[in-house]
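Following the hints, position chain B against chain A.
2 protein chains.
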Amino acid sequence: MKVLVIGGDGYCGWATALYLANHGHEVAILDSLVRRHWDAQLCVETLTPIAPIQYRLRRWRDLTGKDIGLYVGDICNYEFLERSMLDFQPQSVVHFGEQRSAPFSMIDREHAVLTQQNNVIGNLNLLYAIHEHFPDCHLVKLGTMGEYGTPNIDIEEGYITIEHNGRKDTLPYPKQPGSYYHLSKVHDSHNIHFACRIWGLRATDLNQGVVYGVLTEETGMDELLINRLDYDGVFGTALNRFCIQAAIGHPLTVYGTGGQTRGFLDIRDTVRCIELAIAEPAKQGEFRVLNQFTEQFSVAELALKVQEAGKDLGLKVEINNLENPRVELEEHYFNAKNTKLLDLGLQPHYLSDSLIDSLLNFAIKYKDRVDQEHILPKVKWRA
Amino acid sequence: MKVLVIGGDGYCGWATALYLANHGHEVAILDSLVRRHWDAQLCVETLTPIAPIQYRLRRWRDLTGKDIGLYVGDICNYEFLERSMLDFQPQSVVHFGEQRSAPFSMIDREHAVLTQQNNVIGNLNLLYAIHEHFPDCHLVKLGTMGEYGTPNIDIEEGYITIEHNGRKDTLPYPKQPGSYYHLSKVHDSHNIHFACRIWGLRATDLNQGVVYGVLTEETGMDELLINRLDYDGVFGTALNRFCIQAAIGHPLTVYGTGGQTRGFLDIRDTVRCIELAIAEPAKQGEFRVLNQFTEQFSVAELALKVQEAGKDLGLKVEINNLENPRVELEEHYFNAKNTKLLDLGLQPHYLSDSLIDSLLNFAIKYKDRVDQEHILPKVKWRA
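Quick mapping for you: the protein sequence lines, in order, are chains A and B. Here the first sequence is numbered in the UniProt record's numbering, starting from 1 and rising by one per residue. Here the second sequence is numbered in the UniProt record's numbering, starting from 1 and rising by one per residue.
It should be emphasised that the hints constitute simulated quantities derived from the structure, not laboratory data. One thing to keep in mind: the hints can contain errors.
[What the hints assert, rightly or not] Heads up, simulated PhoX-like pairs for lysine-lysine below, C-alpha to C-alpha not over 20 Å straight-line:
id, chain 1, residue 1, chain 2, residue 2
1, B, 168, A, 168
2, A, 2, A, 66
3, A, 337, B, 365
4, B, 2, B, 283
5, B, 337, A, 168
The shape of chain A in the complex, shown without the other chains (with noise of 0.2 Å):
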């Protein structure tokens, strides 16, 4: 099959493209590589030295005597997008290509608006190039659980069936994002539904959860491969963060109580879980949604996991309960539902010990990569 992956050389795109292309897919990956510019803006780097994109292609063809095609510019530029479609004729297009921080988008003004500006309209666009070039084309559109917000019910897959004085109907799960991000997620996927209702498209929206690990087999082939794993207080995400704070000797920086709960996965089944959706297309029309995640934490707990495995490799890890510079509830239901992909054939990666050593040792392996400036939240929801 042919797959373009949008955003392919990001920390989940980039995983994605070198997995597809090992089993057997045809890849091209199109990537405006404006993260890496984004990082440079911020100030700061990922934890691994990554290559630039043109020789981990290399490299990866030397190692594989496969060859991934490669479209660098923006899907907000329609022309380019268009073009670069009609060039490699997808049957499937992952669109991991958007502004995917949180804190990013709450910057201030300018961020909120790059953010929704960039990941709306370049969705947009995608919608409009598939409708035109290639509706029968399946679109795999990376969302998060960030979606659903907390809820005091539980969260289903996309969808809830109401009833409501006497009558009843499935509509679409009500959401209350948490970030100009979130929001933007939100945006794109009443764009998408949209357009497989009046345009029969067909389309998965995975919602996914907060990806942790670092290495897949393929990204784990070669030093040139290597895959990026933020630390900073932008980009980083929670139980990577922790490994790496651990490892340098920081305080875990956990958020409030850390009651927060949230769904997660390893790197290794983002992977999977799109190769999975790949291999059954949404039917014409459809706008299917999976939850993806296989587990439900809270930070709290993440924190004392990293503890506990640091203990063990000889780390003393503290754990530092800031202030919360977000805007979200600290204790909570949560209870989100995830059948649709176990379904599909998922067999999880679930959160082990070992798995908690191999990115502490890691972290250690890299550790004079980091930059302490950037350990601590900057960005407030409040300011």
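Relative to chain A, chain B alone:
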């Protein structure tokens, strides 16, 4: 009260600005005037000859002795928005300043992108301007009943209490909008809700139905104050459009069976609803949603009413059930709540034969200005 009316040169905005000025408020209009430019680009004109904004405002001052301020510019330009608001120091902002036509947004990709970018980013800028400079200012935002779509259960005002698997929560009402325009309003609603939650803004989202009528006490004072009245396939809405079609002997353009049921209101109620919303602001942090319509009709019912009224005036009115250019249900359940504005004191002008008569006579007066080229709908949802 100092009220800034964004989009005050438009159909609802103009009537509202004059009404509020006439009822003791200190009013300024902020408008980019781009709607006049879009008319020009689409080669359409309003039925009524509307004067340039500066002559409108001058005549208003000459007639009433009341000054209405004017800020000409685009709210997508934050510096302009900020400067204007700092100059005027509003206590309420009424935000009509968005691209408001569903067919316009469905013309092609460029118009879809223009609509979502213009509406979402403009509104986002406004949220930031209020947050940064006027945290106590009440935002009165025009949404649309079209955000809800046509669910098979009763439509509540913004929120719905859901019982699910033995638990209960009150959540944002699920949205199923029917065009890229309607989607832009859904995006706005989510963004505003979030801003209220994190920043404590006070906002009222008025989910307005289809507005009909043209005369208000103020716009009827003088020919130079006349309001716009759109009849073309892009900007014309159901009842207004039908009256003008009847006046020129064109068959009424009912899309499909005409079983589509919507909420409607008289423009004299629009202006009163805004006044009521301003008089009793949302609380700090509250995202208040009011459904702003007074009656439900199917499109076919409206066509029959116009046919009847036309007969009494000696007009022979035919009804033409065109192939529906939109993708929408033509037979569906529709029962929307609208008690909150009644509770605030709204006394509706229900649709009457005399209103239709007056609209028909108005249309007859200006019928020589009608361009028959633009009566039929040209924009198709599935194009």
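Verification of the supplied hints:
1. B:168 / A:168: holds, 16 Å
2. A:2 / A:66: The hint holds at about 13 Å.
3. A:337 / B:365: violated, 62 Å
4. B:2 / B:283: holds, 18 Å
5. B:337 / A:168: holds, 17 Å
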